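Residues per chain are reported as follows:
Number of protein chains: 2
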Amino acid sequence: MVERVREKKIFSKFLKDRGQRFTKERAAILQKTLSYRGHFDPESLYLKIKETGLKTSRASVYRTLNLLCECGLIERVTKTEHGTIYEHTFGHEHHDHMLCIACGNIIEFYSEDLERLQEGLCKRQGFLGVSHTLEIRGYCKRCQKKRR
Amino acid sequence: MVERVREKKIFSKFLKDRGQRFTKERAAILQKTLSYRGHFDPESLYLKIKETGLKTSRASVYRTLNLLCECGLIERVTKTEHGTIYEHTFGHEHHDHMLCIACGNIIEFYSEDLERLQEGLCKRQGFLGVSHTLEIRGYCKRCQKKRR
DNA sequence: TTGCAATTGAGAATCAGTCTCAATTTTTTA
DNA sequence: TAAAAAATTGAGACTGATTCTCAATTGCAA
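Chain order of the listed sequences is A and B. Under the numbering used here, the residues of the first sequence are numbered 1398 to 1545, in order. Under the numbering used here, the residues of the second sequence are numbered 1398 to 1545, in order.
The hints are simulated quantities; they were obtained by calculation from the structure and are not laboratory data. Misleading hints may appear alongside valid ones.
Note that the list lumps identical chains together, so a pair holds whenever it fits in one copy or between two copies.
Said to hold, decoys possible - 27 angstroms max Cα-Cα, derived DSS-like pairs, lysine-lysine:
| no. | residue 1 | residue 2 |
| --- | --- | --- |
| 1 | K1520 | K1538 |
| 2 | K1542 | K1520 |
| 3 | K1445 | K1543 |
| 4 | K1410 | K1520 |
| 5 | K1520 | K1543 |
| 6 | K1476 | K1413 |
| 7 | K1406 | K1452 |
| 8 | K1406 | K1445 |
| 9 | K1410 | K1538 |
No experiment lies behind these values; they were computed from the predicted model shown.
Build out the structure end to end from the sequences listed, making use of the hints.
Written as structure tokens, this is what we have:
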């Protein structure tokens, strides 16, 4: 596995600044988190870590995911009936999602126009935007065909 | 309280079409749901119904909210740590939300440009959009002032 | 009215996520 | 370096939202 040096540095600096420690448990969770290409959920992450023989607990996974969110390395994508979906954002372009309500497939997309438009909307409301999620629900290409 | 005749009709027709019944319990939940001006959560709705002396149960409230979502009279706005937030949509313009991460305040807004832009984005992906949620998180005017 | 299917409500069950706390590890202090 | 202080860990208890179970009730069609 590729060592994610930059992410490690960011996380350990973030922790140090808050008087917290970059333990090996946290390092392991960070590594596994980054090994996902797309979206993931806490439970699979927990199992993935267990599989590789490392010792950890659900509590630590959840705690660490919260820390990783706070320092901006990962983000909560959406909350489903089955819990929260995360993705890592550092080194990835920001994007939004289309969610197929038939097959659950998630399509990522990005639009510069959309970003600009949102900035304008915030300004108009005197709102200081920090992050956003646009989720378009509907039917993906394949599922549209099936329905006919 | 104003009788919501149209909503009643929509709901009872929706139920009948599925071989389900428009019971007085469901009618009561519909009424109280519509009596909210803005956002609400299932627990307060449940308590509100209890307060007025009507008999109901959490199970029925949740069940009915799901039905009301399915027939489009209400919508899930967002899922927070403390559960799902709903709003009724029938007879209201579609809109999106800005969510203040300091005070929890929700600002509604609407943008024609945004709607058009999204249609374009869907078309480009071959995606058939049904609904969407845009949630911009950040700081509202008041909380920006406080932070300085 | 009879009979079947749908509905209800009380409480049990579920499930994601958080909390507790004793044991452990790391850092700081003397 | 030893001892004290502080942070972290993991197991499992706990919480709170939501769903499920099931016996009792209700509504509707014949």
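Check your understanding: How would you label the pair K1542, K1520 (within, between, both, or neither) given a Cα cut-off of 27 angstroms?
Key -> Classified as between; 15 angstroms across copies, 41 angstroms inside a copy.
Point to revise | Copy assignment of K1410 with K1520, given that the CA separation must stay at most 27 angstroms | key: Neither. Shortest intra-copy (33 angstroms) and inter-copy (43 angstroms) distances fail the 27 angstroms Cα cut-off.
Practice item. Give the relationship of K1520 and K1538 under a CA distance limit of 27 angstroms: within one copy only, between copies only, both, or neither. Key: between (36 angstroms within a copy, 10 angstroms between copies)
Practice item. With 27 angstroms as the alpha-carbon cut-off, assign the pair K1410 and K1538 to within, between, both or neither. Key: Result: close neither inside a copy nor across copies, 44 angstroms intra and 31 angstroms inter.
Practice item. Using 27 angstroms as the alpha carbon limit, work out where K1406 and K1452 are close: within a copy, between copies, both or neither. Key: within (23 angstroms within a copy, 58 angstroms between copies)
**Study point:** Intra- versus inter-copy proximity for K1543 and K1520 (alpha-carbon distance at most 27 angstroms)
**Key:** between (43 angstroms within a copy, 18 angstroms between copies)
Practice item. Up to 27 angstroms between alpha-carbons, please classify K1445 paired with K1543: within, between, both or neither. Key: neither (34 angstroms within a copy, 43 angstroms between copies)
Review point. Is it within a copy, between copies, both, or neither that the alpha carbon of K1476 lies no farther than 27 angstroms from that of K1413?
Key: neither (30 angstroms within a copy, 32 angstroms between copies)
Exercise for review: With 27 angstroms as the alpha-carbon cut-off, assign the pair K1406 and K1445 to within, between, both or neither.
Suggested key: This pair counts as within: shortest intra-copy Cα distance 23 angstroms, inter-copy 51 angstroms.
The structure shown violates the earlier hints numbered 3, 4, 6, 9.
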